[in-house]
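Respectively, the protein sequence lines represent chains A and B.
Position one of the first sequence corresponds to residue 1 (the numbering used here), numbered consecutively onward.
Position one of the second sequence corresponds to residue 1 (the numbering used here), numbered consecutively onward.
Hints may contain errors.
[As the list claims (entries may be wrong)] Derived BS3-like pairs: lysine-lysine, alpha-carbon spacing no greater than 27 Å straight-line:
1. B/113 to A/11
2. B/133 to A/29
3. B/134 to A/43
4. B/60 to A/77
5. A/155 to B/133
6. A/77 to B/22
7. A/99 to B/133
Note that these hints are calculated values from the structure, not bench results.
Protein chains: 2
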Amino acid sequence: MQEMNIRPIQKKDLCDVLDLIKELAVYEKEPDAVEIDEQDLAKSAFGDPPDFYCLVAEFKGQILGMALFYHRFSTWKGKSLHLEDLIVTQKYRQQGIGKALFEAVLHEAHQQKLKRVEWVVLDWNQSAIDFYKKYQATIFDDWRTVQLDEENLKKFANASL
Amino acid sequence: MQEMNIRPIQKKDLCDVLDLIKELAVYEKEPDAVEIDEQDLAKSAFGDPPDFYCLVAEFKGQILGMALFYHRFSTWKGKSLHLEDLIVTQKYRQQGIGKALFEAVLHEAHQQKLKRVEWVVLDWNQSAIDFYKKYQATIFDDWRTVQLDEENLKKFANASL
């Protein structure tokens with residue numbers, strides 16, 4: 001794909017980016033999990049400061065993939081980058097688009113002199129794990145992600161009024 | 001501890017906050033892992049925008065604990081809060097300081113109308129897991145944290161020049 005272009009998101013891409021997000025949710029069997037809309041995305045992508053950064057892979061005017069990331073902070077190392085989503089539309093997988101997006105994110109982190117790049121992977125996704133290990137990434141087997149969702153956050157807040 | 005005060009970090013607290021960060025690193029048997037210094041912390045805590053927010057627990061002029069957090073972004077839910085560190089100095093544990101800090105963070109997330117609060121826990125830390133479950137938090141057993149550290153990020157960037 002020599003004509004593929006990796007570039008920052010623009011306002012005209014928001015609809016395609018939301019489609020990619022929804023495609024991933026359907027693939028992960030959670031079609032109703034996507035609660036944000038184009039307006040929310042716009043506000044967060046182009047705010048001052050933005051809530052996230054996004055690179056898109058464009059090929060002949062079509063958006064085929066995206067990488068969405070933002071800064072985090074490690075109290076041991078300093079400012080880092082978190083890769084939240086790396087999505088390639090199903091029809092165009094296995095053609096190096098994901099790799100190109102992933103490496104563009106690594107270059108971005110290096111240019112910004114960040115101390116770490118972090119993301120999550122499903123423990124059964126061996127092909128992804130093998131891919132990440134080629135970059136000498138470390139998989140932390142004993143850490144677990146914990147989340148308190150909006151509903152339970154509200155319940156807590158109301159109960160402690 | 002009725003006289004305990006939970007409040008945002010101030011410049012005068014930076015040394016105590018760094019001491020807490022280092023105390024945790026020693027406790028986790030990684031005393032040399034803390035690479036940041038007071039100046040880095042100051043730049044990130046009081047930047048515009050700051051890289052993180054921090055609440056401290058103060059008792060009779062002493063800083064006994066801290067909660068450090070920042071925003072993240074979920075492409076399904078929207079803007080969320082990540083709790084990076086919750087530290088109480090060893091001598092003052094089991095007195096409700098950690099709970100007070102944790103709940104102050106939840107209140108902050110609720111006031112900001114954030115969609116989720118997220119953090120990580122070690123899978124063998126059953127007392128912490130039990131504590132979080134009281135708030136109806138979800139532990140994700142099949143997600144693994146992946147990190148590419150600064151050294152390997154540099155190696156990648158240099159190899160692809």
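Inset, instruction - Assess, step by step, whether the Cα of residue 113 of chain B is no farther than 27 Å from the Cα of residue 11 of chain A, and give holds or violated. - result: holds (25 Å)
Inset, instruction - Mind checking the alpha carbons of residue 133 of chain B and residue 29 of chain A for me, to see if they're no more than 27 Å apart? - result: With a Cα-Cα distance of about 25 Å, the restraint between residue 133 of chain B and residue 29 of chain A holds, given a limit of 27 Å.
Inset, instruction - Take the C-alpha atoms of residue 134 of chain B and residue 43 of chain A, compute the straight-line distance between them, and say whether it is at most 27 Å. - result: violated (34 Å)
Legend entry - Restraint check for residue 155 of chain A with residue 133 of chain B, where alpha carbons must lie at most 27 Å apart: Between residue 155 of chain A and residue 133 of chain B the Cα gap is close to 14 Å, so the pair holds against 27 Å.
Legend entry - Restraint status (C-alpha distance of residue 77 of chain A to residue 22 of chain B at most 27 Å): holds (12 Å)
Legend entry - Hint consistency between residue 60 of chain B and residue 77 of chain A [alpha-carbon to alpha-carbon, up to 27 Å]: Violated: residue 60 of chain B and residue 77 of chain A sit about 31 Å apart, past 27 Å.
Inset, instruction - Verify the proposed pairing of residue 99 of chain A with residue 133 of chain B, using a straight-line Cα cut of 27 Å. - result: violated (38 Å)
Hint violations for this structure: numbers 3, 4, 7, all remaining hints satisfied.
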